[in-house]
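J.: Take a look at the letters that make up each chain.
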Amino acid sequence: SQQGEEDPQALSIQEGENATMNCSYKTSINNLQWYRQNSGRGLVHLILIRSNEREKHSGRLRVTLDTSKKSSSLLITASRAADTASYFCATDAKGANSKLTFGKGITLSVRP
Amino acid sequence: GAVVSQHPSWVICKSGTSVKIECRSLDFQATTMFWYRQFPKQSLMLMATSNEGSKATYEQGVEKDKFLINHASLTLSTLTVTSAHPEDSSFYICSARRARVGNQPQHFGDGTRLSIL
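These protein sequence lines map, in sequence, to chains A and B.
Just remember that this note's numbering sits 786 ahead of the position in the first sequence, which is counted from 1.
Just remember that this note's numbering sits 1 ahead of the position in the second sequence, which is counted from 1.
For the record, the hints were derived by calculation from the structure and aren't laboratory data.
One or more hints might be untrue.
[As the list claims (entries may be wrong)] Derived list of chain B stretches under chain A, where covered just means 3 residues or more per stretch with a C-beta under 8 Å from a C-beta of chain A:
1) 77-87
2) 92-99
3) 105-117
[Stated by the list, open to error] Derived DSBU-like pairs: lysine-lysine, alpha-carbon spacing no greater than 35 Å straight-line:
4) A:K842 <-> B:K21
5) A:K855 <-> B:K15
6) A:K880 <-> B:K67
7) A:K890 <-> B:K15
8) A:K880 <-> B:K42
9) B:K21 <-> A:K855
10) B:K65 <-> A:K856
11) A:K890 <-> B:K21
12) A:K880 <-> B:K21
13) B:K15 <-> A:K880
14) A:K890 <-> B:K56
15) B:K56 <-> B:K15
16) B:K65 <-> A:K812
17) B:K15 <-> A:K812
18) B:K56 <-> B:K67
19) A:K856 <-> B:K42
20) A:K880 <-> A:K856
21) B:K42 <-> B:K56
Please read these numbers as outputs of a predicted model, since none were measured by experiment.
Every residue, glycine too, gets a C-beta built ideally from N, C-alpha and C.
Extracted from the complex, chain A is given alone in its bound form:
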């Protein structure tokens, strides 16, 4: 079943702007992960944030996690046209034997 729910479902921004995507989930987690998927391709892992972490950075990516609100956000700064893709959050729920549950995804379009 879908646990992660991202919003917005679609986001269109101008190159250079920041993109913020949100994810909410329902159960207790070991970690939350963000992935990117280019059209017709597999998923690329972006960031994993553990349940005891609140913020994590990787290059132009910043992920936050609020376990009290069961939510996470992914911020892409200084976006580029190459960032155009679908972005998914996925939760590794406690007791789920490392199975990931994916949200519906966010389609990000970065206009050059």
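We have chain A; now place chain B onto it with these hints.
T.: Same frame as chain A, but now just chain B:
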């Protein structure tokens, strides 16, 4: 590191044909591999979890006799769609997770687009 190769990337075949898809972890050992199905503009749906040396665990509603999974080694899992029909047409993606290491991401193959005529 952490490269997963999935083959073939595209299959077109007639109804009734069985199709095998391979998923290999190229530079790490994966005790667990996962098989997903994705419909256009939708999220990934987990079909089954493949454990090396043991039977796969299928998600509710997934027919194990229809989707045969074999995980014979720490680097290879295969999914066979038996007697495929047009409704089996979809994008199938595998992923692999490093052996016995907690809090690790899954590493995905590039997917296989299956079209049944």
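J.: Hints broken by the structure, by number, lowest first?
T.: When the structure is compared with the hints, numbers 1, 4, 5, 9, 13 and 17 turn out to be violated.
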